[in-house]
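Chemist: Each chain, written out:
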Amino acid sequence: MTRSGWLFHPILILIFSILALGTSLFLYIYWYIEASTGLKSLVKRFNIDAGQVLESQTWVVILVLSILVGIIFMGIFIIFVYNVKTLQLYRLQHNFINSFTHELKTPVTALKLYLETFAKHELSREDQLKYIQYMLYDTGRLSDDINRILNLAQIESKSYGGELETHHLENAINRFLKNNSRYFQHCRISVSNPAGNAYLYLINPSLFNMLLMNILTNAVKYNNSKLPEIEISFEEKGKKLYISFKDNGIGIDKTEKKKIFKKFYQVGSSDDMSARGSGLGLYLVEHIARIHKGRIMMDSPGLGKGSTFTLILPLKYSL
Amino acid sequence: MNDSIKKRILVIEDEKHIAEGLKLNLSLQGYDVTVAENGNTGLKTWKSWQPDLIVLDIMLPGIDGLSVLRSIRLEDERIPILILSAKAETDYKVKGLAYGVDDYLTKPFSLEEFLLRVDRLLTRLSWYEENGMGNAGDGRGQNIHTFGDNRIDFSTLIAHGPQGEIQLTDQEAKLLKLFVTNPGKPLSRQKLLEIGWGYTRGTTTRTVDNFIVRFRKYFEKNPKKPVHFRSLRSIGYVFYSNPETR
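Taken in order, these protein sequences are the chains called A and B. Here this note's numbering runs 291 ahead of the position in the first sequence, where the first position is 1. Here this note's numbering runs 55 ahead of the position in the second sequence, where the first position is 1.
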């Protein structure tokens, strides 16, 4: 594949430049010593005052040269790392464009299909309403997709986070579930708070809802069970509050665990068409958690065994 | 349509709204339509319901559409299959056509165009049937395959190997066909499972190994040193028709 060729090329260049740099350092020192010994013998032969020649500075010169070469080496290395990272991002972005177009095309296809059907056939009012509902849903889906891209830009520019309000977290989650019940019609979601404490936090409601939406729809989307189940529970551990979202979905392989929060990353690959979605959801989730001074963790016993997302916030009690 | 029985169309599509829209339109055109929302149930419905045409999406949960296509083509060369996919790149079209799809439409598509193409595919099918070339569904035809000193007749499922005559099971024949139609191409255990059995991920791949052991017993002169059914470490298996010339 040409792709692996891409990767090896910069590594080879790095190795060559380091070798060249090392050799040049060696040669600088070698020639310097050679020249200075030559000078020394001249000094001896012609009985010139040794103090006039730079004799005592040999080690200083070597030191300065080494430091300079060290700096150049660091520079090359940083450029190399930067280059590799850009390449990675480029590849992920390519993936993203591939699958996000699919994500956008699906609602457009459905909309077009129904509109053309309406133009072609005289449907009963009842049917019309049913399909209009579908179309509204698809328009919603389309605008959600567009919003996700816009939100991403906003969150990344860090202009967000200003509009914080104090909310009771458990209530906020319950309210979210109630308002968005249409997304979770065919699944069971339970919220438990065994300690019974009220957790009042400064949150940005729209961002917090986005976080919930991403975690919960993932749990439903990547789920092959007859009845998708999600258990949301609050737990205090040390000085932290753990809000965990446990699902009975398809789980995730250990090797993928670290990568899922990366921008544009998707489980599966765009080449064998197993990748779905935008690859932005969890990246957003992590950003939102950070804006709320928390972090997000994910754990899964393995493929087919469900997964647990945990939002960890610093512990704060209500007054 | 020239017959009193409605033509049956199976729609394999996981996006509910698109699937329902297709069903609505095809039913209004007078077809009998069933929707399957993933590759697995799609394959099951195809077997039990015996449709006349299949509309297939590529991006499916579980087994992807191309594997569904290959699986169907192993048993039925003739049934018209139309792919409906968001993938517009030539690569995917070529892949689909190479695996034996009859038509390829990219989403979003025009309804009129879709219906006309479906109609055309079904008309062509009915010509074949009038000429007596097809006997509804089973397109196995004259399928005798030889490799080495072995001979497999895919229509009677009888094979001749070093051990004499062997009656093959359906499953064995299907997997064998996958191998002999892809000589020299490495096939992973997972692909073999998906295409041969219609399984999704997470199922044991040991099943495949057991079949390979059986094939080697049937067709290899020395099952311990296979020349036709070779293992590829950490990948799967590869079949060589003429091991000497490769």
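I should point out that these hints are in silico values taken from the structure, not numbers from a laboratory. Keep in mind it's a predicted model, so treat the numbers as computed, not measured. Please note that the accuracy of each hint is not assured.
[Stated by the list, open to error] Straight line, CA to CA, 20 Å or less: simulated EDC-like cross-link-like pairs of lysine to aspartate or glutamate:
{"no.": "1", "chain 1": "A", "residue 1": "LYS396", "chain 2": "B", "residue 2": "ASP146"}
{"no.": "2", "chain 1": "A", "residue 1": "LYS469", "chain 2": "A", "residue 2": "GLU520"}
{"no.": "3", "chain 1": "A", "residue 1": "LYS512", "chain 2": "B", "residue 2": "ASP69"}
{"no.": "4", "chain 1": "A", "residue 1": "LYS403", "chain 2": "B", "residue 2": "GLU75"}
{"no.": "5", "chain 1": "A", "residue 1": "LYS517", "chain 2": "B", "residue 2": "ASP146"}
[To be verified] Residues of chain A placed beyond 10 Å of chain B at every Cβ, according to the derived structure:
{"no.": "6", "residue": "PHE337"}
{"no.": "7", "residue": "LEU404"}
{"no.": "8", "residue": "VAL511"}
[As the list claims (entries may be wrong)] Pair ranges (Cβ atoms, derived):
{"no.": "9", "chain 1": "B", "residue 1": "TRP182", "chain 2": "A", "residue 2": "ILE437", "range": "45 to 51 Å"}
{"no.": "10", "chain 1": "B", "residue 1": "ARG261", "chain 2": "A", "residue 2": "PRO485", "range": "40 to 46 Å"}
{"no.": "11", "chain 1": "B", "residue 1": "ARG261", "chain 2": "A", "residue 2": "ARG416", "range": "40 to 46 Å"}
{"no.": "12", "chain 1": "A", "residue 1": "LYS596", "chain 2": "B", "residue 2": "GLN218", "range": "39 to 45 Å"}
{"no.": "13", "chain 1": "B", "residue 1": "ARG288", "chain 2": "A", "residue 2": "LEU443", "range": "25 to 31 Å"}
{"no.": "14", "chain 1": "B", "residue 1": "ARG179", "chain 2": "A", "residue 2": "LYS596", "range": "45 to 51 Å"}
{"no.": "15", "chain 1": "B", "residue 1": "LYS240", "chain 2": "A", "residue 2": "ASN470", "range": "30 to 36 Å"}
Glycine included, C-beta positions come from ideal geometry on N, C-alpha and C.
Chemist: Compare the structure with each hint and give your call.
Modeler: Now the hints, each set against the structure:
1. LYS396(A) with ASP146(B): holds (18 Å)
2. LYS469(A) with GLU520(A): holds (16 Å)
3. LYS512(A) with ASP69(B): Judged against 20 Å, a Cα distance of about 12 Å means the pair holds.
4. LYS403(A) with GLU75(B): holds (13 Å)
5. LYS517(A) with ASP146(B): violated (35 Å)
6. PHE337: holds (74 Å)
7. LEU404: Check fails; 4 Å does not lie beyond 10 Å.
8. VAL511: Non-interface label on VAL511(A) holds, nearest chain B Cβ at 12 Å vs cutoff 10 Å.
9. TRP182(B) with ILE437(A): 45 to 51 Å: About 47 Å separates the Cβ atoms of TRP182(B) and ILE437(A), which means 45 to 51 Å holds.
10. ARG261(B) with PRO485(A): 40 to 46 Å: holds (43 Å)
11. ARG261(B) with ARG416(A): 40 to 46 Å: violated (56 Å)
12. LYS596(A) with GLN218(B): 39 to 45 Å: Given about 43 Å between the Cβ atoms, the range holds.
13. ARG288(B) with LEU443(A): 25 to 31 Å: Cβ of ARG288(B) to Cβ of LEU443(A): about 43 Å, so the range 25 to 31 Å is violated.
14. ARG179(B) with LYS596(A): 45 to 51 Å: The hinted range 45 to 51 Å holds for ARG179(B) and LYS596(A), with Cβ atoms some 48 Å apart.
15. LYS240(B) with ASN470(A): 30 to 36 Å: violated (52 Å)
Consistency note: the structure conflicts with the earlier hints numbered 5, 7, 11, 13 and 15.
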